[in-house]
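Trainee: Letter by letter, the chains look like this.
Number of protein chains: 2
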Amino acid sequence: MSFETKATIASFGGKLLKLSHQSSSTGTPMNVNLYLPPAALQGSTKVPVLIYLSGLTCTPDNCSEKGFFQAHAARRGLALVYPDTSPRGADIAGETESWDFGVGAGFYVDATAEPWKKNYRMETYVSSELPEALFSSAEFGDKLDSERVSITGHSMGGHGALTLYLKNPGKYRSVSAFAPIANPVNCPWGQKAFSGYLGAEDKEAWKKHDATELVKGWKGGDLKALVDVGTGDNFYKQGQLLPENFEKAVKEAGVQGLELRYQPDYDHSYFFMASFAEDHVDHAAKYLFA
Amino acid sequence: MSFETKATIASFGGKLLKLSHQSSSTGTPMNVNLYLPPAALQGSTKVPVLIYLSGLTCTPDNCSEKGFFQAHAARRGLALVYPDTSPRGADIAGETESWDFGVGAGFYVDATAEPWKKNYRMETYVSSELPEALFSSAEFGDKLDSERVSITGHSMGGHGALTLYLKNPGKYRSVSAFAPIANPVNCPWGQKAFSGYLGAEDKEAWKKHDATELVKGWKGGDLKALVDVGTGDNFYKQGQLLPENFEKAVKEAGVQGLELRYQPDYDHSYFFMASFAEDHVDHAAKYLFA
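Sequence lines, in order, name chains H and E.
Residue numbers for the first sequence follow the numbering used here, so the first one is 5 and each next one is one higher.
Residue numbers for the second sequence follow the numbering used here, so the first one is 5 and each next one is one higher.
Warning: the hint list may mix true and false statements.
It does not matter which identical chain is used: a pair holds within one copy or between any two.
Stated by the list, open to error - Mimicking BS3-like on lysine-lysine, the simulated pairs with C-alpha atoms at most 30 Å apart in a straight line are:
1) K241 to K22
2) K290 to K50
3) K220 to K121
4) K211 to K10
5) K122 to K19
6) K241 to K10
7) K212 to K122
8) K50 to K122
9) K121 to K212
10) K255 to K175
11) K255 to K122
12) K19 to K241
To be clear, the hints were calculated from the coordinates, so they are not data collected in a lab.
It should be emphasised that the depicted structure is a prediction, and the values quoted were computed from it without experimental measurement.
Here chain H stands alone, though its shape is the one from the complex (with noise of 0.2 Å):
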């Protein structure tokens, strides 16, 4: 599984390289971003990564190129990973027909359902497959540490990495989320991925991709999270986002260790994740090296 690098970027004293592999779980050809920073291009230390999630439509380029995460993963000495949000290619009927289904809206979910589940297998793909890639990678292996992962993301990723954090205690030091889909179940995108991805009628199985159920199971201690949404993102306002579930669920479940922020007037564009990559970046590199 050796990836080609498609394109190697200075920012921020670091390099952001532009990857594709053959993945196994999707059957296709997938792209991903790889922030070094400097500590990882200088030394031989390894340093802690921290994958980054993307929202519905968006490929590895856009936070790389809009979140300034980079910036403070420079600064704290982290990697960061910026995997696609769907295979792409894999030639599906439909699979481009709407933005928030098939082709980069992939949910992080593998689908149990025809005709998605030999290649939307995104969950494979993200919490296993495309780490170990990189972590035993002759060309980046020696540079990133297996041992010290934390996960983030925005939108459909913040539910990305809520729900693969509840779902894998110990996996990632810690999770942090901007405006999570955080019930699916309960909205609109959710309801429709669902029922695509593993059927409409099997609502038990779509509860184990909610980060509202998930965490009324949870038994992994201190949740060591951070979310942000803004109250100016009008998909906030029209309940897709449903953050108030999730508090409310972590609350009756006496769980200790969610911040949950308001941010005033913020939307729920790259500009509201840019204001705030320096706290998310933080929160990770506060468990990472801790």
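Assemble chain E onto chain H, guided by the hints.
Mentor: Just chain E, lined up with the frame of chain H:
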């Protein structure tokens, strides 16, 4: 000359305003982005202004999204003004045929040749009309200090920043540039643009829009100029930028105050600018708050 506010976006504690107004210089509507830092939203103190001139093909949005000037302008208490790079909608035959001439490529000159001279008057627009409209605006005028203005820019916009600074001693407190087209009369981009806008014959007129030529007659004291060029910049390698010619002219004129830095491996992109935006905002702030 009132502005229409098309969007108000929270960014780093301040507000990014996407504005449009009718320009008498260009005879077209012009888009411009204005970033008001937190300091401008809070008290009644006027904040200084840094004008950022974009490169070929760009709109006011590119640097607003990817340049990360807002992070540092927020911290230092500067407003940012992002003008467009040409008129749009002048409806001149051929104006959209090239990416390096016409729409998106006004080169910050007042055209003197037909058919451009009626609309392509970006020098007057950027150096006079736009700032005057902002400073006299009922909505923003009381937040912006017309006495404290600096200028910066990228590529074609670096050319714009340097030439407007050199042509108007005292108008700007400082200047900086990323990968500027520093000697346009001697590079393909500049020769194409000046032939079109100023006429192919009048080479003396070209020199009035060339930083390397203008600095030979500079009488404004120390330059207060910061210039960054990436050594991995393909346009630099191709001889479009020619910063060495500018540096040589500065030295031969006995002018002090140019800090020209070559940044190893950096390219011509916003990744380069984002990486050094902090230095350029701090450079401007040093003089704006002196």
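Trainee: If a hint holds in the structure, say so; if it doesn't, say that too.
Mentor: Now the hints, each set against the structure:
Taking the closest pair of Cα atoms, K241 and K22 come within 30 Å of each other only across two copies (22 Å); inside a single copy the shortest separation is 35 Å, beyond that limit. Taking the shortest Cα distances, K290 and K50 sit within 30 Å of each other inside one copy (17 Å), while across copies they are farther apart (38 Å). Proximity of K220 and K121 under a CA criterion of 30 Å is satisfied intra-copy only: 27 Å inside one chain copy versus 69 Å between copies. Proximity of K211 and K10 under a CA criterion of 30 Å is satisfied in neither setting, with 38 Å inside one chain copy and 41 Å between copies.
In this assembly of identical chains, the alpha carbons of K122 and K19 never lie at most 30 Å apart, being 34 Å within a copy and 45 Å across copies at closest. Proximity of K241 and K10 under a CA criterion of 30 Å is satisfied inter-copy only: 21 Å between copies versus 39 Å inside one chain copy. For the identical chains of this complex, K212 and K122 are intra-copy neighbours only, at 19 Å inside a copy versus 64 Å across copies, given an alpha-carbon limit of 30 Å. Taking CA atoms no more than 30 Å apart as the test, K50 paired with K122 passes in neither setting, with 35 Å inside one copy and 60 Å between copies.
For the identical chains of this complex, K121 and K212 are intra-copy neighbours only, at 16 Å inside a copy versus 65 Å across copies, given an alpha-carbon limit of 30 Å. With identical chains, the CA atoms of K255 and K175 are at most 30 Å apart within one copy only, with a shortest distance of 23 Å there and 59 Å across copies. In this assembly of identical chains, the alpha carbons of K255 and K122 never lie at most 30 Å apart, being 38 Å within a copy and 66 Å across copies at closest. Only between protomers do K19 and K241 lie at most 30 Å apart by alpha-carbon distance; the minimum there is 20 Å, versus 38 Å within a single protomer.
Of the numbered hints stated above, those contradicted by the structure are hints 4, 5, 8, 11, listed in ascending order.
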